[in-house]
Amino acid sequence: MPIQVLMPALSPTMEKGNLAKWIKKEGDKVAPGDVIAEIETDKATMEVEAVDEGTLGQILVPEGTADVAVNTPIATIVAEGEDASAAKSESKPPQKSTEPPAAKEEKPAELAKNAKEPAQPKPAAAKPPEPATLPDPDVPEGTEMVAMTVREALRDAMVEEMRRDDTVFVIGEEVAEYQGAYKVTQGLLQEFGAKRVVDTPITEHGFAGLGVGAAMAGLRPIVEFMTFNFAMQAMDQIINSAAKTLYMSGGQMRCPIVFRGPNGAAARVAAQHSQDYSSWYSHVPGLKVVAPYTSADAKGLLKAAIRDPNPIIFLENEILYGHTFPVPKLDDYVLPIGKAKIARAGKDVTLVSWSMGMTYALKAAEELAGEGIEAEVIDLRTLRPMDTDTVLASVKKTGRAVTVEEGWQQSGVGAEIAARIMEGAFDYLDAPVMRVSGKDVPMPYAANLEKLALPSVADVVEAAKAVCYR
Amino acid sequence: MAAAKAKDATSTSARSSAPKDTSDRRPAEFTKADEFDAYHRMLLIRRFEEKAGQMYGMGLIGGFCHLYIGQEAVVIGMQLALKEGDQVITGYRDHGHMLACGMDPKGVMAELTGRRNGYSKGKGGSMHMFSIEKSFYGGHGIVGAQVSLGTGLAFSNRYRDNDNVALTYFGDGAANQGQVYESFNMAELWKLPVIYVIENNRYAMGTSVTRSSAQTDFSKRGLSFNIPGEQVDGMDVRAVKAAGERAVKWCREGKGPFILEMQTYRYRGHSMSDPAKYRSRDEVQKVRAEQDPIEQVRHRLLEKKWASEDDLKKIDAEVRDIVNEAAEFATHDPEPDPSELWTDVLR
Numbered sequence: 000m001p002i003q004v005l006m007p008a009l010s011p012t013m014e015k016g017n018l019a020k021w022i023k024k025e026g027d028k029v030a031p032g033d034v035i036a037e038i039e040t041d042k043a044t045m046e047v048e049a050v051d052e053g054t055l056g057q058i059l060v061p062e063g064t065a066d067v068a069v070n071t072p073i074a075t076i077v078a079e080g081e082d083a084s085a086a087k088s089e090s091k092p093p094q095k096s097t098e099p100p101a102a103k104e105e106k107p108a109e110l111a112k113n114a115k116e117p118a119q120p121k122p123a124a125a126k127p128p129e130p131a132t133l134p135d136p137d138v139p140e141g142t143e144m145v146a147m148t149v150r151e152a153l154r155d156a157m158v159e160e161m162r163r164d165d166t167v168f169v170i171g172e173e174v175a176e177y178q179g180a181y182k183v184t185q186g187l188l189q190e191f192g193a194k195r196v197v198d199t200p201i202t203e204h205g206f207a208g209l210g211v212g213a214a215m216a217g218l219r220p221i222v223e224f225m226t227f228n229f230a231m232q233a234m235d236q237i238i239n240s241a242a243k244t245l246y247m248s249g250g251q252m253r254c255p256i257v258f259r260g261p262n263g264a265a266a267r268v269a270a271q272h273s274q275d276y277s278s279w280y281s282h283v284p285g286l287k288v289v290a291p292y293t294s295a296d297a298k299g300l301l302k303a304a305i306r307d308p309n310p311i312i313f314l315e316n317e318i319l320y321g322h323t324f325p326v327p328k329l330d331d332y333v334l335p336i337g338k339a340k341i342a343r344a345g346k347d348v349t350l351v352s353w354s355m356g357m358t359y360a361l362k363a364a365e366e367l368a369g370e371g372i373e374a375e376v377i378d379l380r381t382l383r384p385m386d387t388d389t390v391l392a393s394v395k396k397t398g399r400a401v402t403v404e405e406g407w408q409q410s411g412v413g414a415e416i417a418a419r420i421m422e423g424a425f426d427y428l429d430a431p432v433m434r435v436s437g438k439d440v441p442m443p444y445a446a447n448l449e450k451l452a453l454p455s456v457a458d459v460v461e462a463a464k465a466v467c468y469r
Numbered sequence: 000m001a002a003a004k005a006k007d008a009t010s011t012s013a014r015s016s017a018p019k020d021t022s023d024r025r026p027a028e029f030t031k032a033d034e035f036d037a038y039h040r041m042l043l044i045r046r047f048e049e050k051a052g053q054m055y056g057m058g059l060i061g062g063f064c065h066l067y068i069g070q071e072a073v074v075i076g077m078q079l080a081l082k083e084g085d086q087v088i089t090g091y092r093d094h095g096h097m098l099a100c101g102m103d104p105k106g107v108m109a110e111l112t113g114r115r116n117g118y119s120k121g122k123g124g125s126m127h128m129f130s131i132e133k134s135f136y137g138g139h140g141i142v143g144a145q146v147s148l149g150t151g152l153a154f155s156n157r158y159r160d161n162d163n164v165a166l167t168y169f170g171d172g173a174a175n176q177g178q179v180y181e182s183f184n185m186a187e188l189w190k191l192p193v194i195y196v197i198e199n200n201r202y203a204m205g206t207s208v209t210r211s212s213a214q215t216d217f218s219k220r221g222l223s224f225n226i227p228g229e230q231v232d233g234m235d236v237r238a239v240k241a242a243g244e245r246a247v248k249w250c251r252e253g254k255g256p257f258i259l260e261m262q263t264y265r266y267r268g269h270s271m272s273d274p275a276k277y278r279s280r281d282e283v284q285k286v287r288a289e290q291d292p293i294e295q296v297r298h299r300l301l302e303k304k305w306a307s308e309d310d311l312k313k314i315d316a317e318v319r320d321i322v323n324e325a326a327e328f329a330t331h332d333p334e335p336d337p338s339e340l341w342t343d344v345l346r
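In order, the protein sequences belong to chains A and B.
Residue numbers for the first sequence follow numbering that gives the first Met the number 0, beginning at 0 and rising by one.
Residue numbers for the second sequence follow numbering that gives the first Met the number 0, beginning at 0 and rising by one.
It is possible that some hints are incorrect.
What the hints assert, rightly or not - Which residues of chain B face chain A? A few of them, derived with a C-beta cut under 10 Å, are:
hint, residue
1, Met54
2, Gly121
3, Ile131
4, Gln145
5, Gly149
6, Leu152
7, Val344
8, Arg346
No wet-lab data here; the hints were simulated from the structure.
Glycine is no exception: its CB is placed at the ideal position from the N, C-alpha and C atoms.
Construct all of the structure, not just a fragment, from the sequences and the given hints.
Rendered as structure tokens:
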């Protein structure tokens, strides 16, 4: 019986990858541990090893194929004495991607592995675009839009700001030679050198404090946390040193610093690595807290954050890194911090969310439209200072509101939004504000439980219908 | 007893980890002018702190107030080793550091009383004052936090390719915080120009060094990171200056961080509310009698006939005038305008 080699999942959030290269040919003998192929994900190029002894029977997915779904059979291995041709009839054809394969680069496989040459921007991934959002009113009409992942947009923002201001530098774990644990800083070391792209030891408390000290001395550090889960080690420096010193010094001390990295649940990494810190940081005066959803917002807001004279918490999301959105092609695309955006217009109910929560909110709005409910979806983009006016204006129109967040409900951002709506638009409300949130438990590991713990599109639809009394 | 112990340690502190060019551990030679200068500056700190203590007792100063009395030689000696642009950062026992950096006693005292012309407009208090003009970066209330911050100041010097050093003070208590060692590691790894000045005043609040520290020789705390260190008689301003100059030289030459353990003593409690029951009155008296940093200078000035009792009285009077003026200012300066509640949260 030939053994199928399946497209492996190489990271918690990987759903598909590109088959970059076959190292072995059909008919080659393979032993366990032999590298048979190279798979390119949006984060890295990884090697696929044979786990059984035999002969590479048939290659089912040719090299250069993009977006091969995880678990797709990519080849067969036949054991001694087996007929390779038998494998052909048994194996299923690869799942065809409906999207055209992305344009291939010359040698993408070598980029991640061998970081000596400057990494080129990857071609736009062939992912289907996210649910349509309204264009930003700040973008001039007729501006060319370029499809770009959130990851690329963040990288471009840093590159542009580092070119513009030589006091800007990036510091964190694996940001330089490894090219970023999530490949957000890809190519930065090659362009700016080790002085401005600084690999640190695993020492969050220490390097966060070092960054704050450098900011106090007038530099503009971008401190990358591999994830915000690890920033808990550095919380004292972020709150007590970065956020409070301007006030405690009567306005004398500056602290222009950006703390950025993925926040919230990734996938199947359990409680210590799956937490939404939106409400934690948005609680603190002296910080600005930004949490973009689209690539365009990620770029425009990160550029603004780097230029801002205050400490900024910039909450990214690992799952969104690989999502593709249109980004306006402008020389210097900077968005204002503290301004929400109406991502979808509607008249019946207001859905308020940000970052990953927007994926649930927008899909729910689609579903609701099918049932005759026109939801207006507001992307907060910044959690502090919060653009209450935009929320209130919408609620005054719709009379109903649902908040959507991955974080816990108690003392959450949704609770804050609900309170502000109650204070500012009580007389306009036709129903109590409802909160869709992560469940009040640490994040479980098991796939089914994890799904239950996270908010879902169905939760949002249900809540929206409830406030519409339908 | 403890005082004698401290002296022993000082005399036997030469170790292989120390750089070769620091084998000469003699105190700096002080000219007559140097002695006068040191006397004046140390006395200013002493009288300022005594006045702050009185004003705390009168209810004019609130909250926590940590006095520097007894440790004056450390900051004055170190300051003599610095040049323009070198940064200073410390923890919450910071009044002496600010005066040593040349900050205005009136502004410091007015901050202690929470008034509008205090260095932080009355919003910071005793533990949180800053002066970018004087390169003083605070004044930090969380034990050990200033060590990472000071390492960041040094990082900025390296980044800008200047030859300034960052003087990062902390106590024997803070020396047990984890981020101190995270900072040591990065500082040596990247050869950052930072001098870690550990002011060992023998008590972390009420816990003596021997009850809190597995390694009580703090100059060795950087050994596993290859950071050289020295124990210094922190009661002798000349010894401090000489050690400071060696450390500064090491840093300016690009050799990385340096640790100076200053063996010193605080005469007062940890803060104003500390009755200091954890040590005997005799212990305090003995240090005061035998090692007082200001008395040492005074003694030398008289002994060498560089000054008469009258000359010194004149300095005392000058210093008292400065301190009284600061106290007067801090008592009558108005509180901040209520509108200041909302300013300086963001820039």
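Against the structure, the hints:
1. Proximity of methionine 54 of chain B to chain A is violated relative to the hint, the smallest CB-CB distance being about 20 Å (cut-off 10 Å).
2. Residue-level restraint check for glycine 121 of chain B holds (minimum Cβ-Cβ distance to chain A is 7 Å; threshold 10 Å).
3. Checking isoleucine 131 of chain B against chain A: minimum C-beta separation of about 6 Å stays under 10 Å; hint holds.
4. Taking 10 Å as the C-beta contact cut-off toward chain A, the hint placing glutamine 145 of chain B at the interface holds, the least distance being around 8 Å.
5. Annotation: interface hint on glycine 149 of chain B holds; nearest CB of chain A at approximately 6 Å, less than 10 Å.
6. For the restraint placing leucine 152 of chain B at the interface with chain A, the shortest Cβ-Cβ distance is roughly 5 Å, inside the 10 Å limit, so the hint holds.
7. Annotation: interface hint on valine 344 of chain B holds; nearest CB of chain A at approximately 5 Å, less than 10 Å.
8. Interface hint at arginine 346 of chain B: satisfied, since its Cβ lies 4 Å from the closest Cβ of chain A, which is below the 10 Å cut-off.
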